[in-house]
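Q: Each chain, written out:
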Amino acid sequence: MGKTLALAGNFAAAYASKQINPQVVAAYPITPQTTMMEKFSEYVANGEVDTELVCVESEHSAMSACVGAAAAGGRVITSTAANGLALMFEVVYIASSLRLPITMCVMNRALSGPINIHGDHSDAMGVRDSGWIQIFNENPQEVYDTMFQACKIGEHKDVRLPVMVNLDGFITSHKIERVDTLDDKQVTDYIGPFETMYSLIDTDNPVTYGPLDLFDYYFEHKRQQVEAMKHALPVAKSVMRDYSKQFDRDYDIMEDYYLDDADYAIVTMSSTAGTTKFVVDKLRAEGKKVGLLKLRLFRPFPAEEVREKLAGLKQIAVLDRSDSFGAFGGPLFTEVRNALYELDERPGVVDYVFGLGGRDINAEQITSVYERLMSATERLAGDVNYLGVRGE
Amino acid sequence: MTLKGWNEVPMAGLVLDAGNAAEYHTGDWRTERPVWDEEKCKHCMQCWITCPDTAIQVKDKKMIGIDFDYCKGCGICADECPFDAIDMIEEDLEAE
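Sequences listed follow chains A and B, in order.
When we follow our numbering, the leftmost residue of the first sequence carries the number 25, and every step to the right adds one.
When we follow our numbering, the leftmost residue of the second sequence carries the number 187, and every step to the right adds one.
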């Protein structure tokens, strides 16, 4: 095993990137992502990595450079947040449709406007249909370990898709915690050399990337992406489980906390899961049958697994750290509730949109959600609520 | 032409063969077809010079016909011909 370090989420991501030693990193600074790339630039300047660091003029260029480097056949890392991801939008789709396994950290931050630099999931949710694998992480340790898992999942020959490693802006990106690291050789052995498929610079085997693809074949290529996403689910499961076995960790595509005998549960992602565990502990000590389902893998969405985990519960609240204006509830709510439709006896499911623009969520608020679930006398009927906003 | 299914083609729309333009018959695009009147033709080669797709077939300095694999039916030859030896007619799309 490697050293135990005190690392903020961004430094955990940077440290993992150093150990991955990618061929190319192209990035543009944006709060709260900046410190990851500052740290990584230090590694480059100190000669601790072999990486070609491309300091581009915008996020659109950052992802474009990553696409080029990945098509050339290199292992590629980038990171961004919020408006940076929004500016990348066009090329985010191109990266996944060209089937390029790029790893991108997103320090989830509220999209403008009004302008706000703090954490919510609106940026990542804005690209949830882009064909990227999306993993949400609770703390710096998860961020660190997930960086390596992301390589394994995205680069798998049946997947070949880019992977977004999400962490809550500031809450996780700037929170210093204990991180048990692997030593460099363990990382190198685990991820192995990057296996290039169809290198753009292999002149002996020339290949054209991105030709015009109209009504005769575009649909077929989209169907291929669907298939790649289908493969990504079992691959993600086996990668996370193998990683856990190999390095004495406990990762899966989701984490259930006191869910087995629970009647009432919260479903959420990222750092809020940590706060929710604290509340579950407290309520369990009072004998309340409450639990938590923390999703790590959001894309592909593990609908069957979510259904299995939540079957038999009485009432469920989904905590969504972004809204989908005009939709029936936030993005996580619509997925979770949709997944439960096949059950003969469906639990009540309600949505709580919370924490927009980094608005703090605390144990009292989460307790109040559990109390509502526990005090309901009939099946709750899919209402959408706003937790922690002022005004009636 | 039989089009292939999603699981039969390279991923992501990648083209794995170099120099494959020769296999792509752009004549498929044609909605109008040039009809050459050999009687009127003086073999002045104006059509050969102006055709953007080098679809005018020539042998021994004489025009001998049109290569319909690549003629897109743009009508430049008909327009340029000084002897009205080329007419454009509507392509019979049903017959394709």
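Keep in mind that the hints were calculated from the coordinates and are not lab data.
C-beta atoms are modelled at their ideal positions from N, C-alpha and C, and glycine is treated no differently.
Heads up, some of the hints might be wrong.
Here are the simulated lysine to any residue pairs, SDA-like style, with alpha carbons at most 25 Å apart [unchecked claim]:
{"id": "1", "chain 1": "B", "residue 1": "Lys190", "chain 2": "A", "residue 2": "Phe243"}
{"id": "2", "chain 1": "B", "residue 1": "Lys190", "chain 2": "A", "residue 2": "Ser262"}
{"id": "3", "chain 1": "B", "residue 1": "Lys190", "chain 2": "A", "residue 2": "Lys338"}
{"id": "4", "chain 1": "A", "residue 1": "Lys181", "chain 2": "B", "residue 2": "Ala208"}
{"id": "5", "chain 1": "B", "residue 1": "Lys190", "chain 2": "A", "residue 2": "Gly298"}
{"id": "6", "chain 1": "A", "residue 1": "Lys338", "chain 2": "A", "residue 2": "Gly298"}
{"id": "7", "chain 1": "B", "residue 1": "Lys190", "chain 2": "A", "residue 2": "Met253"}
{"id": "8", "chain 1": "A", "residue 1": "Lys254", "chain 2": "B", "residue 2": "Trp192"}
Every beta carbon over 10 Å from chain A, so not counted as near; a handful from chain B, in silico [to be verified]:
{"id": "9", "residue": "Lys190"}
{"id": "10", "residue": "Trp192"}
{"id": "11", "residue": "Asn193"}
{"id": "12", "residue": "Leu200"}
{"id": "13", "residue": "Glu218"}
{"id": "14", "residue": "Gln232"}
{"id": "15", "residue": "Ile235"}
{"id": "16", "residue": "Tyr256"}
{"id": "17", "residue": "Asp270"}
{"id": "18", "residue": "Ile275"}
{"id": "19", "residue": "Glu277"}
Q: None of the hints should be skipped; say for each whether it holds.
A: How the hints compare with the structure:
With a C-alpha separation of about 11 Å, the suggested pair B:Lys190 and A:Phe243 falls inside the 25 Å cut-off, and the hint holds. For the hint linking B:Lys190 to A:Ser262, the alpha-carbon distance of about 32 Å lies beyond 25 Å, and the restraint is violated. Restraint check: the Cα-Cα separation between B:Lys190 and A:Lys338 comes to about 49 Å, which exceeds 25 Å; the hinted pair is violated. The straight-line distance between the Cα atoms of A:Lys181 and B:Ala208 is roughly 32 Å, outside the 25 Å bound, and the hint therefore fails.
In summary, the hint linking B:Lys190 to A:Gly298 is not supported, as the alpha carbons are separated by about 49 Å, beyond the 25 Å threshold. Between the alpha carbons of A:Lys338 and A:Gly298 the distance comes to roughly 23 Å, so the proposed pair stays at or under 25 Å and holds. With a C-alpha separation of about 21 Å, the suggested pair B:Lys190 and A:Met253 falls inside the 25 Å cut-off, and the hint holds. Our distance criterion of 25 Å between C-alpha atoms is met by A:Lys254 and B:Trp192, whose separation comes to about 15 Å.
Not every C-beta of chain A lies more than 10 Å from that of B:Lys190, the closest at about 7 Å, which undercuts listing it as non-interface. A beta-carbon of chain A comes within 10 Å of the beta-carbon of B:Trp192; the shortest separation is about 4 Å. Not every CB of chain A lies more than 10 Å from the CB of B:Asn193, the least distance being 8 Å, so the non-interface label is violated. Its closest Cβ contact with chain A, about 5 Å, brings B:Leu200 to no more than 10 Å, contrary to its assignment away from the interface.
Taking the minimum C-beta to C-beta distance to chain A, about 21 Å, the non-interface status of B:Glu218 holds against the 10 Å cut. Against chain A, the non-interface label of B:Gln232 holds: every CB pair exceeds 10 Å, the least being about 32 Å. Every Cβ of chain A is farther than 10 Å from the Cβ of B:Ile235; the closest lies at roughly 29 Å, confirming the non-interface assignment. Residue-level check passed: B:Tyr256 sits 18 Å from the nearest beta carbon of chain A, beyond 10 Å.
The claim that B:Asp270 lies off the interface holds: its Cβ sits roughly 36 Å from the closest Cβ of chain A, which is beyond the 10 Å cut-off. Under the 10 Å C-beta cut-off, the non-interface status given to B:Ile275 relative to chain A holds; the minimum distance is some 27 Å. Listed as outside the interface, B:Glu277 is consistent with that label: its C-beta sits roughly 19 Å from the nearest C-beta of chain A, beyond the 10 Å cut-off.
Taken one by one, the earlier hints fail for this structure at numbers 2, 3, 4, 5, 9, 10, 11, 12, listed in ascending order.
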